[in-house]
Every structure is written in C-alpha cells, then in structure tokens.
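Novice: So you can see what is in the structure, the chains are spelled out below.
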Amino acid sequence: MNGPVKIDARLRKRLAAAGDTAAFELNIHLKSDAAVTVLWGASVAGKTLALNCLSGFAKPDEGRILVNDELFFDAATAVNLRPRARRCGYLFPDHALFPHMTVRENLQFAASAARHSSRLNKHRRMTELLEAFELSDLAACKPAQLCAGEKQRAALARMLVGDPRLLLLDEPTRGLDARLRQAFYAVLRTTRERSPAPIVLVTHDLEECMQLGDFVCLMESGHFVQSGPREQVFAWPANADVARTLGIYNLLPATVAALDPSRDTCLLDVAGSGVQGRYLKGRLIGDQGYLCIRQTEARLMPNLGRRALNQIVLRVQAVTPSAQGVRVLLEHGAAAVVSEAQYELLRGENTLTLEVPPPAVYFIAK
Amino acid sequence: MSAPPSIDWFPLWLSLRVAALATLFVLTLGTSVAYLLSHKNFRGKEALDSLITLPLILPPTVLGYYLLVLLGRSFGLGHLYQAIFGQPLLFTWQAAVVAAFLHSAPIYIKGARIVFESVDYRYEWVASSLGASAGRTFFRVTLPLAWRGLSSLASLCFARSMGDFGVTLMVAGNIPGRTQTLSVAIFDAVESGNGQTARMLVVVTSVTALLLLWVAARVSRQPARASHSASLKE
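Taken in order, these protein sequences are the chains called L and C.
Just so we're aligned, residue 199 is where the first sequence starts under this note's numbering, counting upward by one.
Just so we're aligned, residue 851 is where the second sequence starts under this note's numbering, counting upward by one.
The shape of chain L in the complex, shown without the other chains:
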C-alpha cells in the first residue's frame, strides 16, 4: 500500500438459515488505500451485506471498521456508531429518491439533515451540485418524471450534499444500457472531484470493475478469494478457480519443463508444445499447473504444421458468434475472440495455433 489506509474493515457476520435462505457467513478483511474499491462477485457473494455493515444498517458479530482513522464499529469495545453518525452516502440500485419530493427538495432534505455547516454554505453546495450533475433544469421535477440516468445523478448529488465520509454504491449500473453506463462512469468522475470520501462500489460487472476500480476485491460466498490493486488482480489471478470465475482467461494444463534463472526464463510444456516465459520463482521442474493467459492476449493463427516456441496447436471444438466478432472454442476449454475478417482466414480448419507472447505467460500451480 502506498498512501494512508482509507478503509480498514474486518467484518464477520453470521446469518442463520431462515425460511428459504440457507445459512451464510460473511468474513472479510477489507483494507484499502484506494479512492475506489470494488467488491466484485456473483449475486450471493455477500457484497450488499458488506455495504450494510459499513453503513451501519447491519451489525457485524465481530470485527472493527475504521474509515480514514475514524472508528465506526468495534465489537471488542462495543463501539457502534449509528448510521446517521457514520454519514455514509449510500446509493441504491434503484436510487431511492424520495418520491414525494422534487429533486431540489431531495437535496434540501440532505442539506438540512447535515448539521455541520452554515445555511449559506449548504445553499451554495446545493446549487453547485445541481449544476455539476446537470440537474439545474430538473430541480423542480419529481423523481417519477426523471429517466434512469437523471435519477442516478440526482441520487449522487443528494448523497454529496452533506459531505459524506464514505460513499457506498450498490450496483450503480444495474438495468442501465451501454450508453447510460458510459455516462455513469463520467458522472462518477464528477463525484470523485466533488468528494474526497473513499468509494466502495459493488458490482458483478467485470467491465465496470476494470473501468472504475483502483483496488479490487473478488468475493465468493462471503469471503475474499483475492484482493489487491486492480492490475495485480487481473494480471495474476490467485488460483485457477479465481481465473475461471473471472472468465477472461484461457487455462491450459501445463508442466514446468525447464527453468533457467541465469537467463530469467522458464519453459512450460503445454499440450505438447513448448511455451517460454519468465523465470518462475519457487517452482521445480515437473510441477503441474496451468498456463493462464488472457483471452485477448493470445493470437489465433492457422496451423502451419511447424512446431515453434510459444505456439500451441489445439483442436477446434465449436464456433459461435459473439458481440465482438466470432468466438472460437478450442480443446481444454480455451477460447479466443477474433473479428469476422480474421475468422475468414481460419474457416474450415480442424486445428488452430494459439500464439502466446512470452511476457504474458503466467503459470498457476495446481
């Protein structure tokens, strides 16, 4: 970590089985110095429960929550600030604008609830936010008259009126189309300019995670399977399961065939082909595992029959259309997406060559 730790939350909460829901345990340690921390995971990973614990609407059984060195919760010393004392901005997927108030009244409610600044300052802040989020013309509208994007901007503006100490965004782009998604990313930049508060964003959208997250926590059934700076997490998934869950990698069974520390290289045996990469620290010749490579980093070529280093020959199993072009499924569950024009060159082949550039070679032990 480089800067001071902004969020340090150790949370443990057990939910007993009730009715048709099974028992669940949330057990995470979120420690981040980033401006935007993303909790990524499927819908039952416990992301929203984590947000509720941070904002004070759920009480952890054990743990401690520190936000910018301020203690929100500590089970050991029975400290548990009420939600209104924590002042977390909480953005719900449906925005939860008060339906009986206009946009301006929604902001006014937030302004008058925040007790720490003068009336003039509040008014100035409100006007400023209405302008920053392009709401000046909509200030007199009721939420029902706004479209999804406008509602979201209004909810963000309302959240920022009272200078929150922590911003919690729960699936902010759920139900938005691609255009509105991009608009939201821009709006989030505005949000970051207007508030120094760290942001915790919950999503199951990988694209959003990549675009917005500085620090990424991958969640699965109540715990982090991996967390760290975004580049690190996506460059080096912790294990094969994480890589599979993320779904953007090709995992090919590999064996370490040679290691040369003096030249900083290693040689992997992948489906009978040699793949050269950087030296693997702490591995032994004969170690079993996977070659893990991003689908977009491997190049698909016709099989020329020659055996060359870093070229893996694989059988074609299926070809399906995809949003970005054509998706070619190969043996061992590998896949590659190529453009339609590129696919014309590969059409009809039974085997194809997957070329792996040496810097992209990443070995995951079994």
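In short, the hints are calculated from the structure, not lab data.
Remember, it's a predicted structure, so these values are computed and weren't measured experimentally.
A couple of the hints might just be wrong.
Computed list of lysine-lysine pairs in DSS-like fashion (alpha-carbon distance at most 25 angstroms, straight line) [said to hold, decoys possible]:
no. : chain 1 : residue 1 : chain 2 : residue 2
1   : L       : Lys340    : L       : Lys320
2   : C       : Lys895    : L       : Lys257
3   : L       : Lys340    : L       : Lys479
4   : C       : Lys960    : L       : Lys257
5   : L       : Lys257    : L       : Lys229
6   : L       : Lys320    : L       : Lys349
Residues of chain L clear of chain C, computed beta-carbon distances all greater than 12 angstroms [what the hints assert, rightly or not]:
no. : residue
7   : Ala294
8   : Leu364
9   : Leu404
10  : Leu444
Positions of the beta carbon are idealized from the N, C-alpha and C atoms, including for glycine.
Given chain L, put chain C in place with the hints provided.
Specialist: For chain C alone, kept in the frame of chain L given last:
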C-alpha cells in the same frame, strides 16, 4: 298523516364529535403503536398485536363489561379520571369516546402496521444515512409515504366510530341530550315504536356516512392517479 316531528339534531352532533375525538386519539396513539410494531423488535411484540386485535373478536357486551369494570369508580383508571377531571367517566359522552376508540383502534393499528411495513425501508435508510434523526425521518419520509394508506384507514376509523352501538350503550348509556349517539337514538326510537323518528335518523346517518366516505375517497384518490400515470410513462 301527522306533520313530521321536528328532528332533534343532538344525536348527530354528538356522534360526529365522538367519532372525531375517537379518530383523533386513534390517529395519535394508534399511529405510534403501529409504527412501533412495524419498526421495532421487542419481547412480547406479537402478544401485544394479539391484545390489540382482541376487541375485534370479543362481543360488544364483553368489551362493554370490561370497560364498566375498568372505568368504574372502584378501579384505578376510573378513579384516576375522576381525580383529574372531577367527575366520573361512566355514563358521560366521554365514555362514548372511549367506546368508539376501542371499536376502531384495532382496525386502524392492524392496517397501519401493514402500511408502515410496506413503505420501502430504503427510503428510511437513505434518510438516516444522510444524517436525519429518527423523528425527522418519520415526519418527512415515512409519514408522507404512508399518508395515503393512513388517511383511508382514518376515514374507515371515523366511520366505525360513528357506527358503534353495543359498547357505547353499555358504558355511556342512553341519556337523551347527554349521551345518546345516533345509533343509540335509532335503537331507542325503534324500541319505543317511534317509526317516524327512526326513519329520519336512519336517513340522516346514511347520508352523513356517505358524504364523509365520499370526501375521504376524494382526498386520498388524487395521488393514486398521479403515480399511476407516472408508472405508465416509465
């Protein structure tokens, strides 16, 4: 045919006054209890809920008997009332208010609890995370959102208060010009074979009730339409 007897308007005014006061008490006390039941968890919550529902099931005579004992001079509540107001409670029009209150409060509380529970909790969460106090959240967010449901419950409550007969008769009695409400007056007229008066009073009651219900429906109808057209636009 004899000329129509001049109508004694007293029972109507008394009924309206009793119903208005009972509704007022139900609105304040009942709303608080309903909010408590919907938002807080405490021991004996469902027991309290059952106790509140009890007057709906008990026959008016049983309820009346309980009240006679509880509000009588020999018992704490009646004694307390006399100590404060200097007169006994039983067989006064104020006792009719208590009867009407008991008659209508259970329905209001049961309904209001559901109305409060159906207000999306996220609005209240947002309000408190914005720093609003519990009171502010209640008056500015929860209550306005529950208002439509509560107002129609209140009109139901008023109507039920107007219509109470059994309990009122038992605890307030049938003293013309003092405790005789509309429903009791009608009973009295029929009992004494005064068909003309009974018919007049029945018409007056029906017209008043219809008028009140119509006003209540108008008051709570408007927002429903607005939100409907808004949801269509979405």
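Novice: If a hint holds in the structure, say so; if it doesn't, say that too.
Specialist: Now for the hints, and whether the structure bears them out:
1. With a C-alpha separation of about 21 angstroms, the suggested pairing of Lys340 of chain L with Lys320 of chain L holds against the 25 angstroms cut-off.
2. Our distance criterion of 25 angstroms between C-alpha atoms is met by Lys895 of chain C and Lys257 of chain L, whose separation comes to about 22 angstroms.
3. The straight-line distance between the Cα atoms of Lys340 of chain L and Lys479 of chain L is roughly 61 angstroms, outside the 25 angstroms bound, and the hint therefore fails.
4. Taking the CA atoms of Lys960 of chain C and Lys257 of chain L, the gap is about 29 angstroms. The hint is violated against a cut of 25 angstroms.
5. Restraint check for Lys257 of chain L and Lys229 of chain L: satisfied, since their Cα atoms lie roughly 19 angstroms apart, inside the 25 angstroms limit.
6. Under the criterion of a C-alpha separation no larger than 25 angstroms, the hint pairing Lys320 of chain L with Lys349 of chain L is consistent with the structure, at around 21 angstroms.
7. Annotated as non-interface, Ala294 of chain L brings its C-beta within 12 angstroms of a C-beta of chain C; the closest such distance is 4 angstroms.
8. At roughly 10 angstroms from the closest C-beta of chain C, the C-beta of Leu364 of chain L falls inside 12 angstroms, breaking its exclusion from the interface.
9. Here Leu404 of chain L stays apart from chain C, with its beta-carbon at least about 26 angstroms from theirs, past the 12 angstroms limit.
10. With a cut of 12 angstroms on Cβ distances, Leu444 of chain L stays outside the contact zone with chain C, its closest approach being about 30 angstroms.
Hint compliance for this structure: hints 3, 4, 7 and 8 are broken, all remaining hints hold.
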